[in-house]
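S.K.: Chain by chain, the residues run as shown.
2 protein chains.
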Amino acid sequence: MSLRDQIHQLGRQALEASRALAVLPAVSKNRILSAMADALLAQGDAILAANAIDLAAGQAKGLSAAMLDRLMLNPTRLAAMAQGVREVVDLPDPVGESLADWNRPNGLHIRKIRVPIGVIGIIYESRPNVTSDAAVLCFKSGNATILRGGSEAFHSNTAIAAALQSGGEPAGLPPHSIQLVPFTDRESVQHLAEMNQYLDLIIPRGGKGLIETVVRLARMPVIKHYDGICHVYVDASADFAMASNILLNSKVQKPSACNAAETLLVHQSIAPAFYAHIVPLLHAARVALHGGPDLTAAFPGEATLASAEHYQTEYLDLALSIKTVATLDEAIAHIRTYGSRHSEVIVTEDAGNAARFLNEIDSSVLLWNASTRFNDGGEFGFGCEIGISTDKLHARGPMGLPELTSYKYQVTGTGQVRA
Amino acid sequence: MSLRDQIHQLGRQALEASRALAVLPAVSKNRILSAMADALLAQGDAILAANAIDLAAGQAKGLSAAMLDRLMLNPTRLAAMAQGVREVVDLPDPVGESLADWNRPNGLHIRKIRVPIGVIGIIYESRPNVTSDAAVLCFKSGNATILRGGSEAFHSNTAIAAALQSGGEPAGLPPHSIQLVPFTDRESVQHLAEMNQYLDLIIPRGGKGLIETVVRLARMPVIKHYDGICHVYVDASADFAMASNILLNSKVQKPSACNAAETLLVHQSIAPAFYAHIVPLLHAARVALHGGPDLTAAFPGEATLASAEHYQTEYLDLALSIKTVATLDEAIAHIRTYGSRHSEVIVTEDAGNAARFLNEIDSSVLLWNASTRFNDGGEFGFGCEIGISTDKLHARGPMGLPELTSYKYQVTGTGQVRA
Numbered sequence: 001m002s003l004r005d006q007i008h009q010l011g012r013q014a015l016e017a018s019r020a021l022a023v024l025p026a027v028s029k030n031r032i033l034s035a036m037a038d039a040l041l042a043q044g045d046a047i048l049a050a051n052a053i054d055l056a057a058g059q060a061k062g063l064s065a066a067m068l069d070r071l072m073l074n075p076t077r078l079a080a081m082a083q084g085v086r087e088v089v090d091l092p093d094p095v096g097e098s099l100a101d102w103n104r105p106n107g108l109h110i111r112k113i114r115v116p117i118g119v120i121g122i123i124y125e126s127r128p129n130v131t132s133d134a135a136v137l138c139f140k141s142g143n144a145t146i147l148r149g150g151s152e153a154f155h156s157n158t159a160i161a162a163a164l165q166s167g168g169e170p171a172g173l174p175p176h177s178i179q180l181v182p183f184t185d186r187e188s189v190q191h192l193a194e195m196n197q198y199l200d201l202i203i204p205r206g207g208k209g210l211i212e213t214v215v216r217l218a219r220m221p222v223i224k225h226y227d228g229i230c231h232v233y234v235d236a237s238a239d240f241a242m243a244s245n246i247l248l249n250s251k252v253q254k255p256s257a258c259n260a261a262e263t264l265l266v267h268q269s270i271a272p273a274f275y276a277h278i279v280p281l282l283h284a285a286r287v288a289l290h291g292g293p294d295l296t297a298a299f300p301g302e303a304t305l306a307s308a309e310h311y312q313t314e315y316l317d318l319a320l321s322i323k324t325v326a327t328l329d330e331a332i333a334h335i336r337t338y339g340s341r342h343s344e345v346i347v348t349e350d351a352g353n354a355a356r357f358l359n360e361i362d363s364s365v366l367l368w369n370a371s372t373r374f375n376d377g378g379e380f381g382f383g384c385e386i387g388i389s390t391d392k393l394h395a396r397g398p399m400g401l402p403e404l405t406s407y408k409y410q411v412t413g414t415g416q417v418r419a
Numbered sequence: 001m002s003l004r005d006q007i008h009q010l011g012r013q014a015l016e017a018s019r020a021l022a023v024l025p026a027v028s029k030n031r032i033l034s035a036m037a038d039a040l041l042a043q044g045d046a047i048l049a050a051n052a053i054d055l056a057a058g059q060a061k062g063l064s065a066a067m068l069d070r071l072m073l074n075p076t077r078l079a080a081m082a083q084g085v086r087e088v089v090d091l092p093d094p095v096g097e098s099l100a101d102w103n104r105p106n107g108l109h110i111r112k113i114r115v116p117i118g119v120i121g122i123i124y125e126s127r128p129n130v131t132s133d134a135a136v137l138c139f140k141s142g143n144a145t146i147l148r149g150g151s152e153a154f155h156s157n158t159a160i161a162a163a164l165q166s167g168g169e170p171a172g173l174p175p176h177s178i179q180l181v182p183f184t185d186r187e188s189v190q191h192l193a194e195m196n197q198y199l200d201l202i203i204p205r206g207g208k209g210l211i212e213t214v215v216r217l218a219r220m221p222v223i224k225h226y227d228g229i230c231h232v233y234v235d236a237s238a239d240f241a242m243a244s245n246i247l248l249n250s251k252v253q254k255p256s257a258c259n260a261a262e263t264l265l266v267h268q269s270i271a272p273a274f275y276a277h278i279v280p281l282l283h284a285a286r287v288a289l290h291g292g293p294d295l296t297a298a299f300p301g302e303a304t305l306a307s308a309e310h311y312q313t314e315y316l317d318l319a320l321s322i323k324t325v326a327t328l329d330e331a332i333a334h335i336r337t338y339g340s341r342h343s344e345v346i347v348t349e350d351a352g353n354a355a356r357f358l359n360e361i362d363s364s365v366l367l368w369n370a371s372t373r374f375n376d377g378g379e380f381g382f383g384c385e386i387g388i389s390t391d392k393l394h395a396r397g398p399m400g401l402p403e404l405t406s407y408k409y410q411v412t413g414t415g416q417v418r419a
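Protein sequence lines correspond, in order, to chains A and B. Numbered by my numbering, the letters in the first sequence go through residues 1 to 419 in order. Numbered by my numbering, the letters in the second sequence go through residues 1 to 419 in order.
Hints listed in this document are in silico derivations from the structure and should not be mistaken for laboratory results. Note that the structure is predicted; figures quoted are calculated from it, not measured.
No copy is singled out in the list; a pair is fine if it fits within one copy or between any two copies.
Under the rule of at most 30 Å between Cα atoms (straight-line distance), these lysine-lysine pairs were calculated in the DSS-like manner:
| # | residue 1 | residue 2 |
| --- | --- | --- |
| 1 | Lys208 | Lys112 |
| 2 | Lys224 | Lys254 |
| 3 | Lys112 | Lys254 |
| 4 | Lys224 | Lys112 |
| 5 | Lys208 | Lys254 |
This is chain A alone, in the form it adopts within the complex (with noise of 0.2 Å):
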């Protein structure tokens, strides 16, 4: 069989599935959810071992310190995962919630009822626990799930699905439910994206580039997660011990996040002075400054000038580009022209600003008087999240359960036709 035949044959089986579990219960499911956490633990021996093959070859690949950590599974790690699973339970399922229902003059009754999505590709790169996150929350909300990991954690990988299929079949799994690609080439990337006859959404979780190649490829819809170039402005009216709170927990608490914050903008009039309280501590937390003349004027050696580049660039680090603005309107243009519609702050006590900023910027999350790092799914109460969607379409900031669900309408007559 080709490798494309092979590929549409995990998809032909995956859209069976889909409908077996379309109409499973919550019940069953959260059953099947129990019985996969005891397996991931049962079998967590022969998740370790494969687990050390692919760090083997990873250390002999000379993989960065960082990226071998992503890699790396440890009894620890091993049961936060089960954990994670163990916490599905507890969600609300989605499927089957009416989201709307009424009648029409002609007696017609019409309902719109949430249902799966149908077949989820999920492609992703180095970290083992995509496979177990992503194929259950994908699970409980209904949906068959098709994993394309990378290479790096292919054995990794393997054993974790292996555990939730053989935990999960026992306890009522509906066959081919969760299905690893047993491929890890480019052109197994290529034969998913191109399979719209069976899978319905393509989400892809990785750096930028396996998300453009992913988007230029699909012939099907893809939910995206770009990265977050996320700012906090810093109002004339602010209160500075506010304002350097937030900003210092927006950059510094978890660099690494989408939702860290990269660019601090602050208004002209109070801009030396904030400097002057922010500066020490942004230098005592390590954070390198790339700002405008004003501040590499005032702070000689400590900030390097900032350059558009700087303005557009994900440090992802403890970096920070600043820019001293005029105006809140100068403030918006900034955002609109750098930022990725991710998550912008405005710390300041004049409400109408706020208004102005939250209602003009075109953002997943807007924020006035707190974090950039509360666009996150359990900061939301969702309880858990498969990403922070940087589309507009479908979903849009944390994904949740409901934003793994599509609907569909049910309408009862009693013989009415059109006229």
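Chain A is fixed; fit chain B onto it per the hints.
M.R.: The following block gives chain B in isolation, referenced to the frame of chain A:
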């Protein structure tokens, strides 16, 4: 300027317009819509003169009578177009609607509000009224549009777009809110489809070839309006009079519509009696029949033998595929194999069978004892529709104004940071 640069300029201008549109109050939008409707009538002579040029070229090119009819405008059709714009005035403005609202334990207040999608590309074929219909629905929902019509209707589309712009702008329409691409070659479709830095969504309106081209090229979300291979299943307990009413309405009321029925499935226990009842009625309505050997044997000369190809054909014409099935399961399996997830009807007096049909089939609209033709925005009470989506992401089934919007989150705090 290259063709690509010219199309990118349209994109930049549309993005700029979309920012003004996003905050335009409903009262302003309605005033602008009324002015546009007036302008369509006031500039009626110019529009009809432009249409006459397209019609003459179409005749010279040998377009079919059906194609020429789709292209043709006259004072009645122009009045209907203007009336269509006035009806959009009466629809509620979806933008700014609060979709959800909650407080978190840390005191953050989160509000999910409806916002426009942004910039929408509409790529369509011969009917010039799409220029007006699509532009005003997108406008009312706060979106900027880039319209790219077919070459046959180029002069008509240009005159209609000019009327909307010149009528709307004195009333406050932001410049570049509605732009027509002044090119009709294939390359312009490609540049639009690749321009994901400006276009948030593409909606292709037209034949399968056009949609497939757009899907293959597009780097942004596409909402597709594919074909409807819609089924009517007459179950063992069906009321014959109701079943034949529904079937005839589904098939013959408007055979060219995507929600017209293409296949009749009949439970074997009633098939001979139901065929004896319905075949003369279908014959009187001039419907060509393609059925199984039982049908062709019972009605020699009135039906031809159906192949798999018939069951996967969207006739859009007075033709019907027919199949006798042994069980409800066989009916469901047939629909899964040959259907296009559009509209499916069960006619039955058995509530349990109806529930299985409505729950187990994955189509945008499932109907119990009502015509397929009710899968329609107007019939659903949406007041209008931009089409019937055959996608499962973002919008499924009839698309009204709310389906032309996205959402964002506005978070209000008092200095909260993440622990």
